[in-house]
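Numbering (the working numbering), first residue to last: 4 to 130.
Hints listed in this document are in silico derivations from the structure and should not be mistaken for laboratory results. Ideal Cβ positions, reconstructed from N, Cα and C, are used throughout, including at glycine.
Listed next, with one range per pair, are the computed distances between beta-carbon atoms:
(1) 98 x 75: 38 to 48 Å
(2) 76 x 100: 31 to 41 Å
(3) 108 x 71: 55 to 65 Å
(4) 126 x 86: 14 to 24 Å
(5) 75 x 46: 38 to 48 Å
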Amino acid sequence: MNNQVNRNDQTLPGIPTEPVGSVPRPRELQDALVAQSQGNLTTEALDALFVTSRKFFMKYLVSISVILFAITPAAVSAENPIHKSDYAGQEKRLIKSLSDDDIQQLQQGEGWGLAKAAELNGMPGPA
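Please model the entire structure based on the sequences and the hints provided.
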């Protein structure tokens with residue numbers, strides 16, 4: 004329930020907001036709005052309170068923005084650590100798991116073994 008003035012000029016308990024439930028306003032400003040609606044406060048005095056409230060809100064908004072912009076780069080860098088694979092660049096080979104030397108040995112009929120295939124598949128290779 005909100006702090007609102009109902010039809011009987013009674014203040015209802017709850018979060019201090021306008022009757023439409025918008026941004027909370029300082030109690031002093033709410034009291035000034037009630038006083039102005041009852042004819043106890045001039046429009047100029049109410050305008051001065053609005054200016055004060057607006058300045059406070061802008062300082063608050065700037066403070067929050069500075070904090071958010073300060074922590075965002077740290078959060079992004081922690082989220083994406085720099086990682087370089089031991090196999091980077093091998094995707095450009097004719098056969099990705101074989102080096103040029105391995106292909107040459109196989110073409111000459113020399114033994115190659117399964118060490119690389121085992122390593123790539125997370126299995127222990129030949130000793």
